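Colleague: Required output: the full structure, derived from the provided sequences and hints.
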Amino acid sequence: MALLEVRDLQTHFFTREGVVRAVDGVSFSVETGKTLGIVGESGCGKSVTALSIMGLIPQPPARIVNGTIVFDGRDLTKLSNRQLEDVRGRQIAMIFQDPMTSLNPTLTIGTQLTETIRRHLGLARDEARRRAVELLEEVHIPNARQRLDDYPHRFSGGMRQRVMIAIALSCNPRLLIADEPTTALDVTVQAGILDLLDELRAEHEMAMILITHDMGVIAEATDDVAVMYAGQIVEHAPVEEVFYRPEHPYTEALLGALPQLEDEGVRERRLTAIPGRPPDLIDPPQACRFAPRCPHAGLGDTCTTEPPELREIRPGHWVRSAHPASERSPQTQEVGAT
Amino acid sequence: MPDGIPSPIFCPPLHPAYMAAFVVRRVFWTIPVILLVILLTFGMMRAIKGNPFRNTERNIPASIQKNLERKFHLDKPWYVQYALYVKGVFTYDLGPSMLQRNQTVNDIINEHFPVSVQLGVFAMIFAVVIGVPLGILAALRQNSLFDYLAMAFSNIGFAIPSFLTSTLFLYFFALKLGKYTGFPTFGWSGWRSWILPSIALGLGPMTYFARLVRGTMLETLQQDYIRTAKAKGLRWRRVVGVHVLRNSLIPAVTAAGPLLGYIITGSFIIETIFAIPGIGKYYVTSVSSRDYSVTMGITVLLSILIIIANLVVDILYGVLDPRTRDQRA
Amino acid sequence: MSTTDRQARFNAALVQAAEAGQLHDAGAALTRSSLWRDALHRFSSNRAAVIASAAFLVMLAFVVIVPLVKSEDPYAVDFSQAYQPPSAAHPFGTDQFGRDLLIRTALGGRLSIEIGFAATIAIMVIGILYGSISGFIGGWVDNALMRFLDALYGLPYLPFAIITLAIFGTVNFWTMVVALTIASWFTTARVMRGQIISLKENDYVRAARAIGARWYRILFRHLLPNTLGIVIVFVFLELPGVILGEAFLSFIGLGINPPKASWGSLAQDGYTAYQTHPYIIVVPSIAIAWLILSAFFVADGLRDALDPRTRVTREA
Chain A
1 MALLEVRDLQ
11 THFFTREGVV
21 RAVDGVSFSV
31 ETGKTLGIVG
41 ESGCGKSVTA
51 LSIMGLIPQP
61 PARIVNGTIV
71 FDGRDLTKLS
81 NRQLEDVRGR
91 QIAMIFQDPM
101 TSLNPTLTIG
111 TQLTETIRRH
121 LGLARDEARR
131 RAVELLEEVH
141 IPNARQRLDD
151 YPHRFSGGMR
161 QRVMIAIALS
171 CNPRLLIADE
181 PTTALDVTVQ
191 AGILDLLDEL
201 RAEHEMAMIL
211 ITHDMGVIAE
221 ATDDVAVMYA
231 GQIVEHAPVE
241 EVFYRPEHPY
251 TEALLGALPQ
261 LEDEGVRERR
271 LTAIPGRPPD
281 LIDPPQACRF
291 APRCPHAGLG
301 DTCTTEPPEL
311 REIRPGHWVR
321 SAHPASERSP
331 QTQEVGAT
Chain B
339 MPDGIPSPIF
349 CPPLHPAYMA
359 AFVVRRVFWT
369 IPVILLVILL
379 TFGMMRAIKG
389 NPFRNTERNI
399 PASIQKNLER
409 KFHLDKPWYV
419 QYALYVKGVF
429 TYDLGPSMLQ
439 RNQTVNDIIN
449 EHFPVSVQLG
459 VFAMIFAVVI
469 GVPLGILAAL
479 RQNSLFDYLA
489 MAFSNIGFAI
499 PSFLTSTLFL
509 YFFALKLGKY
519 TGFPTFGWSG
529 WRSWILPSIA
539 LGLGPMTYFA
549 RLVRGTMLET
559 LQQDYIRTAK
569 AKGLRWRRVV
579 GVHVLRNSLI
589 PAVTAAGPLL
599 GYIITGSFII
609 ETIFAIPGIG
619 KYYVTSVSSR
629 DYSVTMGITV
639 LLSILIIIAN
649 LVVDILYGVL
659 DPRTRDQRA
Chain C
668 MSTTDRQARF
678 NAALVQAAEA
688 GQLHDAGAAL
698 TRSSLWRDAL
708 HRFSSNRAAV
718 IASAAFLVML
728 AFVVIVPLVK
738 SEDPYAVDFS
748 QAYQPPSAAH
758 PFGTDQFGRD
768 LLIRTALGGR
778 LSIEIGFAAT
788 IAIMVIGILY
798 GSISGFIGGW
808 VDNALMRFLD
818 ALYGLPYLPF
828 AIITLAIFGT
838 VNFWTMVVAL
848 TIASWFTTAR
858 VMRGQIISLK
868 ENDYVRAARA
878 IGARWYRILF
888 RHLLPNTLGI
898 VIVFVFLELP
908 GVILGEAFLS
918 FIGLGINPPK
928 ASWGSLAQDG
938 YTAYQTHPYI
948 IVVPSIAIAW
958 LILSAFFVAD
968 GLRDALDPRT
978 RVTREA
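Protein chains in written order, with my numbering: chain A, 1 to 338; chain B, 339 to 667; chain C, 668 to 983.
One should not assume that every hint holds.
Mimicking SDA-like on lysine to any residue, the simulated pairs with C-alpha atoms at most 20 Å apart in a straight line are [to be verified]:
1. 514/B / 946/C
2. 387/B / 837/C
3. 568/B / 80/A
4. 517/B / 945/C
5. 34/A / 315/A
6. 927/C / 626/B
7. 425/B / 369/B
No wet-lab data here; the hints were simulated from the structure. As the structure is a prediction and not an experimental result, all values here were calculated from the model.
Modeller: As structure tokens, this is what we get:
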């Protein structure tokens, strides 16, 4: 059994304008030692999925209305707040997108590290400090001992993200959720952080969920990929499958929007943008949510009448579309390509 | 940043000694400010008809006139008078009263100022002890009935002039219910006489604290680092007590400067209404009886008090918020 | 209460708004008119602000219309009518001289509000002048003017106004306006300076400079018109503070003299008689609170309307 099993998760926001179905029936699992990438445009529900696992969605207005999140045999949706507090930081840790705002500006990073360690591992003050120094060294922060008493504003963005990672790893969690961990960073720093995450995941024998909108990050750092669109997973497969044999038109479009170098053997082409906008999640399209933007949805199709199911098109490769790439007639494929 | 921040001060990061340098410079900066404030007060006082620095146009007992001449050097040019007055301020020797024979401004301040300090401190304690928790609870239960009531109360309490609340307090709790409460209708002697004026004076600052703390708490609760604290699995108590409160009470500390002004202004009203022999009431008396040497002495005293309060707030702000220390570099 | 209370609450947001250049768009008249129309739309969809504006107008109407309708002499002394409780003829009762308190409250309000508006206008003029000189010239002039302002912040509000009145030796409409202005123009000056400085950084000002526009053109064409939004907000922030200042001065007997009335002096009359007629002080006090609250929420609504960004972040 996998470490984390999310089944049919539905997280909705109850606002004055109506019910926003931010996450609408998401299922996936993560195994120890593996990295699952969740990719999608902003607003597709990937962060809300992560926060739902952590029990950190803002309540109200948000609520998990359906589904189970089974972590290590326990359903997290059934736990009380206090029980969740014991899981967070200890079993499941999370790092966030913006390291500039994710650390408390008025506490030293030493305090912010040791408070987690002391909370979960019950170490004494100086023991916790020693562990904090080790952790800072582990994430490659120079002069770890001296920097422990510094305030966050004296660290660069990349360094702060390393501190965040150190905090996340401080209690040897079994699952690490990284929500866009490199988005706010300089390109030159991004690769370093990704490498560090990968290295630490292997060392600590963790499972990892890496959330991003960047297909490049997915290619570099994940084992499996879930592509999310409008609150649903539309394609779920091992990373090579997704890149070399994408099935869902949306995934194809995402890859089409990715710049590639000519000498990678790819013929010269223009970057393609995806026409239209993601649907309104208060009143999403009745059937296939991607249909309004899909180049393959034609008149007389089931696209606008029947919601497609997530089905296994090849072993381990799941897709939610009436027109996956391998089932299209050559003619429609031709149309889609132009 | 609070008002009254001096020019940017060189203060490179990474060393506590620079914090000390900041404090020293900030303290030194207050000296010219105090001199300037005394100069302004001095200039304005000299423009008043019947001021103590000229041979006056009104009848003053000869003995007092002689004291004035000796003390304020009426024969000297204004800048010498000013310099000598400054010397008087720093040596705490503010000259004779123009009205009370054998009384100096020092005597009057020594007699009345402690009462006002007591009143102000009680009012401030009331404001903080009630206002801050009210703001915290309202923020933690945002949009609840409690929140709405607390904020409605705060807005009304902020808008209603203190003379109305004081008078109503006086009427109901001292006059009508006096035989149960034992609150006197005037004076400042014993704890029973302290309660109504302190609450009346503290009510405005209390509502101010409540709204300020609620606002900053709500803002802090939205911050990413609070989400981080929760994601670390910290107990809710610690998240609020350490992460939220620490960051949202900093603005409340900086409010202490403006609040002193608030309390001083309020004390003029409250002391008049409750007939409390404090400095505010005496100030009003000194103006209407044209005892201008007293008026001036008290004005300078209050100014210095405000300047020092601003100084303390600035330094506290630097201590509480590590970012500002480096921003001053 | 000094102006510092409101100031503390709003300064941050205002200065922030100013720094982000939120309240202004490029100088083109077309853009500006739609900017104002948007602001009006946002303001009118803010329920609290609309109610507050209505309450504010009701108070203005009260002080203007009542003295026109009520024919009695507000100054005629008639001891047989002294201290009448509220009745149909005298809805607010009468005072110790038998004068109708309804009409006196309206007249007192007229005086209070007139003083308030006059002083607010004066504060705005001085504040804009001082602030734009400081911010526009910059350099050591700015530094000196700001240090001077720092020192002025050390002066206690009420004593400052009282001494100013003592210099005049007499209290009337104009001396009151001057005293209140002198005691409370600092905040406006400081905020205006911040505005001008942040506006100076805008590209359209740089562009104007680059094509050789004279300083007065830059100041009067590009900078000052764009501060209009914040000036309007500040009118509603300063007004209640000034009115309260006048009330305090009159209440402690250093303000408006009888037989003339302001809300403060009416409250003082009420206080004198509180043991037997406690309701007398209530009416002028409520009138003051009414004005303060409505002006406060109007200012709040205006600020939100003119600076959409703060509104969005607050709702998020």
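Colleague: Would you mind marking each hint as holding or not holding in the structure?
Modeller: Status of each hint after checking the structure:
1. 514/B / 946/C: holds, 14 Å
2. 387/B / 837/C: holds, 11 Å
3. 568/B / 80/A: Measuring from Cα to Cα gives roughly 14 Å; hence the hint holds.
4. 517/B / 945/C: holds, 19 Å
5. 34/A / 315/A: Roughly 18 Å between the alpha carbons, so the hint for residue 34/A and residue 315/A holds.
6. 927/C / 626/B: OK: residue 927/C and residue 626/B at ~19 Å, within 20 Å.
7. 425/B / 369/B: holds, 13 Å
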